[in-house]
Structure formats: C-alpha cells, structure tokens
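Enquirer: Sequence:
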Amino acid sequence: MSSIAIIGAGKWGSALYHALNVKNTCFISSPTPREMPNFISIEKALKCEYLIFALSTQALRAWLKAHFENQNAKVLIASKGIEAKTGLFLDEIFMEFLDENQICVLSGPSFATEVENHLPTALMINGKNLNLCKEFANFFPSFIKTYVDDDVRGAEICGAYKNVLAIASGICDGLKLGNNARASLIARGLIEMHRFGKFFKAKEETFLGLSGAGDLFLTASSVLSRNYRVGLMLAQNKNLEEILQILGEVAEGVGTAFAIDKLAKEKDIYTPIVSEVVKILEGEGVENSVKKLLKQSDWI
1 MSSIAIIGAG KWGSALYHAL NVKNTCFISS PTPREMPNFI SIEKALKCEY
51 LIFALSTQAL RAWLKAHFEN QNAKVLIASK GIEAKTGLFL DEIFMEFLDE
101 NQICVLSGPS FATEVENHLP TALMINGKNL NLCKEFANFF PSFIKTYVDD
151 DVRGAEICGA YKNVLAIASG ICDGLKLGNN ARASLIARGL IEMHRFGKFF
201 KAKEETFLGL SGAGDLFLTA SSVLSRNYRV GLMLAQNKNL EEILQILGEV
251 AEGVGTAFAI DKLAKEKDIY TPIVSEVVKI LEGEGVENSV KKLLKQSDWI
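Everything in the sequence shown is counted per full-length UniProt numbering, starting at 1 for the first residue and increasing by one.
A hint or two may mislead.
To be verified - Simulated crosslink set (BS3-like; lysine-lysine; CA at most 30 Å straight-line):
#1 Lys238 <-> Lys291
#2 Lys145 <-> Lys85
#3 Lys85 <-> Lys279
#4 Lys128 <-> Lys201
#5 Lys291 <-> Lys11
#6 Lys134 <-> Lys11
#7 Lys291 <-> Lys262
#8 Lys176 <-> Lys279
#9 Lys65 <-> Lys292
#10 Lys291 <-> Lys198
#11 Lys47 <-> Lys65
#12 Lys201 <-> Lys238
#13 Lys44 <-> Lys176
#14 Lys11 <-> Lys128
#15 Lys145 <-> Lys65
#16 Lys265 <-> Lys279
Said to hold, decoys possible - Taking CB as the label site, the calculated pair distances span:
#17 Lys238 <-> Ala187: 23 to 33 Å
#18 Met36 <-> Gln245: 21 to 31 Å
#19 Lys176 <-> Leu224: 27 to 37 Å
#20 Asp150 <-> Glu241: 39 to 49 Å
#21 Glu204 <-> Asn237: 35 to 45 Å
#22 Pro31 <-> Asn237: 31 to 41 Å
#23 Ala183 <-> Gly248: 28 to 38 Å
#24 Lys128 <-> Met36: 47 to 57 Å
#25 Thr86 <-> Ile246: 40 to 50 Å
#26 Lys23 <-> Lys291: 24 to 34 Å
#27 Gly285 <-> Leu130: 42 to 52 Å
#28 Pro33 <-> Asn288: 39 to 49 Å
#29 Met95 <-> Phe217: 26 to 36 Å
#30 Val22 <-> Asn288: 26 to 36 Å
Honestly, the hints are just simulated from the structure, not real lab data.
Just so you know, even glycine gets a beta-carbon here, dropped at the ideal spot from N, CA and C.
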C-alpha cells in the first residue's frame, strides 16, 4: 500500500484528506497540531512516499527550507498562487529541493466544503512525468474525475490568476453592478489570464478547460470563495488589514495579485484588471478603479 500524507490541515488540506481516505489510508500533518484521525508529526509525514502540499503559498518556501528533507518524495502541489517576493511559481520553488519529474500540480474547480462532502467534480493533474500524474490520479475517489496533462505552467497560472479575478468579481457584486457586469468581467478576465499565460508558453486549451474557465467560473461567482469575499468587503470600503482579520483564513489572491502585477510590469504584459485590483488592495477607491476600467476601450 502506498504511503500518502497531506501537508497542511486547513480547509483544503482537510478536504483532500477526507476525499483520498475513501480509497487509501491517508495521513495528514500541519504546522499546527490538530485533533483528527491519522494526524501525524511533520517528521513522520515527510517520510511518506507521496506528499500532497496544501500549505499557504507565501509561507511555502520558508517551511520547505525548515523541514523538507525527503529527496525521494513524489509531490502533488495542491496550493495555488505565485510567490509575491520573487515572482516564482510553486513548481519552481519545489525544484530547489526536487527534480521536476517528482512534481505534479493539482488544479480545477474544487471548493473544499464540497470536496469534503463528497460532491462530484473534475480536476486536472499536470506534470512533466505523466506516469507520476497517473499515480496521483489513481488515489482520487470516484466522485472526483481526474485528467492528466503536462502543462504545469498553464495549470499554475490558472490556479493563481483566478483568485485575483475572484477578488475583482466580488468587488463587482459588492457594488451591485449586476449580472451583466460580472459576466463581462469574468470573460475579459479569462482573456487577460490567457494573455499572461501565453507569455509563459502555456497551452491555450488549459485556459478553456477545468484549470482555467472551470475554476474561474466557480471561484468568481460564489461566497464560498474566500477571494470573492475579499472583493465584497473591499466594495464596502473596508481596508485590507480589517478584511483579513474578519476572514480569519488565507486568501491567496491577495499576495498573488502583487506577484502577477510585478511580473506583468517586468515582462510588459497588459493586465488591466489585475492592475486595478492591486491599486484597490493598496487603498484606492473601488468606484474610481471601476470607472478607469470602463474607460479602457479594449477590456470590455
């Protein structure tokens, strides 16, 4: 029997643990001890052959430097985001510790609550080593349909970018701009996300599938999304510090917004929606940003 451990016992890590336990004996660990079945120490978890990481993106590098030693591990990255300080994608961080053939990325529409309740969805597992992708895919229960591909960069960009667009969508709904406006924002957001991904040579079909359109439509249209809720509160003119305190959990789109904006400026990629989200996160009024977006002839 394969030894599998989830690293990270937040909502998403816990949901994956409950889902994977349907077919496997799965362990779980996190920096903060939890009272739950099969919870083990970090040291024991890292000795497992298969590791699924659901840690906060911005804390990941420091955690790996402090704890990670298993050079033979097979890793599935379930976190989503881009490191704000460096602009590095998550697989690039892991490649400081492992060969790329030991790394896969999980993406697609997957609210933690629904996964934990065994409601159906479909997910992508991307990696350069397709055999390893298939190994991870076989661990998932029947209510999660899994597909495999090799577009690691596309999957990571979709998983990161959609969280920022969810913030923008929450702002749109918080301002009560209507269904038409939200649909327009999401559609143009998908084009913006594709433009960004094209620079990094991601596959076009990735943005039209589960990782891109599927996850974006989900995350940008429901209060189950933490990032969408951040947008709703920004529309109420709450400041970021207050919002994160109310939220009480990590909203990956916040740090990722700054990371994408930084990369876009460095690479000269046109990302008007992300740029305005960053300005709003920095304190600019939401109404002013919306007016600026509407004046840009090529975003809507």
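Enquirer: All the hints need checking, so say for each whether the structure fits it.
Expert: Comparing the hints with the structure gives:
no. : hint                          : in the structure
1   : Lys238 <-> Lys291             : holds, 19 Å
2   : Lys145 <-> Lys85              : violated, 35 Å
3   : Lys85 <-> Lys279              : holds, 18 Å
4   : Lys128 <-> Lys201             : holds, 15 Å
5   : Lys291 <-> Lys11              : violated, 36 Å
6   : Lys134 <-> Lys11              : holds, 25 Å
7   : Lys291 <-> Lys262             : holds, 23 Å
8   : Lys176 <-> Lys279             : holds, 20 Å
9   : Lys65 <-> Lys292              : violated, 42 Å
10  : Lys291 <-> Lys198             : holds, 28 Å
11  : Lys47 <-> Lys65               : holds, 16 Å
12  : Lys201 <-> Lys238             : violated, 38 Å
13  : Lys44 <-> Lys176              : violated, 50 Å
14  : Lys11 <-> Lys128              : holds, 28 Å
15  : Lys145 <-> Lys65              : violated, 34 Å
16  : Lys265 <-> Lys279             : holds, 14 Å
17  : Lys238 <-> Ala187: 23 to 33 Å : holds, 27 Å
18  : Met36 <-> Gln245: 21 to 31 Å  : holds, 26 Å
19  : Lys176 <-> Leu224: 27 to 37 Å : violated, 20 Å
20  : Asp150 <-> Glu241: 39 to 49 Å : holds, 40 Å
21  : Glu204 <-> Asn237: 35 to 45 Å : holds, 38 Å
22  : Pro31 <-> Asn237: 31 to 41 Å  : holds, 34 Å
23  : Ala183 <-> Gly248: 28 to 38 Å : holds, 30 Å
24  : Lys128 <-> Met36: 47 to 57 Å  : violated, 33 Å
25  : Thr86 <-> Ile246: 40 to 50 Å  : violated, 29 Å
26  : Lys23 <-> Lys291: 24 to 34 Å  : violated, 52 Å
27  : Gly285 <-> Leu130: 42 to 52 Å : holds, 48 Å
28  : Pro33 <-> Asn288: 39 to 49 Å  : holds, 45 Å
29  : Met95 <-> Phe217: 26 to 36 Å  : holds, 31 Å
30  : Val22 <-> Asn288: 26 to 36 Å  : violated, 49 Å
The earlier numbered hints that this structure contradicts are 2, 5, 9, 12, 13, 15, 19, 24, 25, 26, 30.
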